[in-house]
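Chemist: What follows is each chain in one-letter form.
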Amino acid sequence: MSLALDVAAVPPRRRRVSRPAGDWLILTAIIVVSVAAAFPLVWMVLTSLKTPAETMQTPPVWWPATPNLDAYFKVAGVIDAGRSFLNSAIIALVTTAGILVTSLLAGFAFAKYRFRGREWLFALVLATMFLPPIVTLIPLYRMVGYLHIGGSLAGVIVPNLANAFGIFLMRQFIKGVPDELIDAARVDGASELRIVFSIVAPAVVPAIAALALFAFVYHWNSYLWPLTVLQGHTDQYPIVISLSRLLSYNRGAMNTGLVMAGATLAVLPPLVLFVLLQRFFVDSIVSTGVKG
Amino acid sequence: MAGARGDRIGATLQPSKANGGQSEPHKGPHPELVEGRGPSSGYAPVGNDAVKKGTLQLKSPSAPVLMLAPALVLLGVFVLVPTLLTLWLAFQDWSTETGFDTARFVGLDNFFAIFGPTSVGRDFKGALANTALYTALSVALLLPLSVGFGLLVYQRRVRGGVALRTILFSTYMVPMIAVALVWSKLYSPSEGPINQMLGWVGLPGSPWLSSPDTALVSIVLLNVWQQVGYFTVLAVAGLTQIPGSVYEAAAIDGARPLQRFWFITLPLLRRTLLFSAVIAIINAVQVFEPVALITQGGPVGATNVLTYHIRRVGIERSQGGLGSAMAVTLMLALIVAVVALFALARRGAEEDA
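Line by line, the protein sequences give chains Z and F.
Going by our numbering, 179 is the number at position 179 of the first sequence; the sequence numbering is gapless.
Going by our numbering, 303 is the number at position 11 of the second sequence; the sequence numbering is gapless.
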């Protein structure tokens, strides 16, 4: 810990190389933490390449002797992986599109219009951000039945088409768009809707990218709500729920490689998206988390 | 109403009045819309020139209503209404498999049941205690780790901070279900690498998820592993806002590194840490996947946490009234925890001042 304390005390880019011993300590800490953080994912991929016998050995085998993709082919035999991926993609993409539209519109209204009850309404919207989903789960489960969308992808998607975080993020960024830009468009006769999508949206592309990624990853990964709405409708399952069927397949008998292969497949889309676009993620957390 | 209008900085628009049924036609410059500058209402516009904010008249006075409608209708129907229904159902005897019209008012019976001496009460109180412990442990681990890791990411003496941030944050992108599956294998007492590595350094292995004494902590650890990257990014954002000049002044005064951390870094991170703590608490009560998938609340109820328990009672056993009473209790507990946290932070701030 004293190492970290030392780091804190030194402003960035100052007093370089003043204490080489401290530098080595910092470097060691960075490497140790990185390895510890990456280890479970590395183990997951390695295990997916092992033979079933290797996954059962005590003490565990770290490197597969002959790495093979058998487990991945077997996944396709146990669950309809293609269908599950398609379901996940539909859920994540449609939900994300909905969130983007509703958040842009509402974010613009909260940022640029003044109307009676605005602050009160915005506070109410923000409050929903802090509500754990379990609080609404039971009545929501019955409500999708009333709406005749239970047991379907629509039941998974529709209740999530708007969210408070998206509205908040958009409002924060749209507040920074100069009013002159908007007024100029009004002078030119643009409708308000057109202003939102062709003037304001291009000005807040980083925030839109961040929100799109957050929404995609969140809804690709989400488990509790799809599990509750879809129970039993296996053909509608997203990949994260199908994974649990891998676990129960032939339980106890050498299914570890199978489960790790399925997990690796499920992890890939959000992880690849993140690595490609991590800059936007980090910026948006910084702007909503602290300046908020 | 009319008096309030003068307070607005160049009011952009007045909404059409809901009671009138017809919107005011905006012919010619509307009084408030023309450079109608009053004293500031305390709202600081972000635009370059506050004075010009929205000086032009809108074509459609109903624009804000139309723009807010999609989001607010959805949030209203799928968040506000079910929240109110949960509050109402908490006082009803109701089976989740039937319509809301079959609910029967039972007063506080559900609350007496979930806090009572029967198995319903024992299970719920156990879940409440498990969740409290789980939450406290999560916050106690996540906050210090996020500051420590944040310092490693933030420092510029050694390269590698950005790479560390990428690795830490990437775990936050991994579906919880995959995290649970992987860690259940890592934790395996005989075939898992964790006990093996403990053996290398001469430490005894642990039963991890298979013992009631260690199962909950095991789930806390896998959850901390997944989330610490997010809180690290928050901590880095907080560190970035501390001006370097403060440290320079302290260095001139001869403050040692430990003193600088304790008397400058930590106090100036208070807002960030408070925000992190609130988010960590709200995340912690949502833990579900590892419990549902790996432990099913066991062994011996040691990992029976509220989100899992409420779903089991309210959905799987269809005891909607009981489940709703539990959900309301959770909501109240959360409110109390967050208010207490803010009070604590405020008192700390006053002591510093």
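Source of the hints: derived by calculation from the structure; they are not laboratory data.
Any given hint might turn out to be false.
Only part of the chain F face toward chain Z is listed, based on derived beta-carbon distances under 10 Å [to be verified]:
{"#": "1", "residue": "Leu360"}
{"#": "2", "residue": "Val371"}
{"#": "3", "residue": "Leu429"}
{"#": "4", "residue": "Leu433"}
{"#": "5", "residue": "Leu478"}
{"#": "6", "residue": "Leu495"}
{"#": "7", "residue": "Ser498"}
{"#": "8", "residue": "Val592"}
Where a beta carbon is used, it is the ideal one built from N, C-alpha and C, also for glycine.
Chemist: Give a verdict on every hint.
Modeler: Tested hints:
| no. | hint | in the structure |
| --- | --- | --- |
| 1 | Leu360 | 5 Å, holds |
| 2 | Val371 | 5 Å, holds |
| 3 | Leu429 | 18 Å, violated |
| 4 | Leu433 | 14 Å, violated |
| 5 | Leu478 | 6 Å, holds |
| 6 | Leu495 | 15 Å, violated |
| 7 | Ser498 | 15 Å, violated |
| 8 | Val592 | 21 Å, violated |
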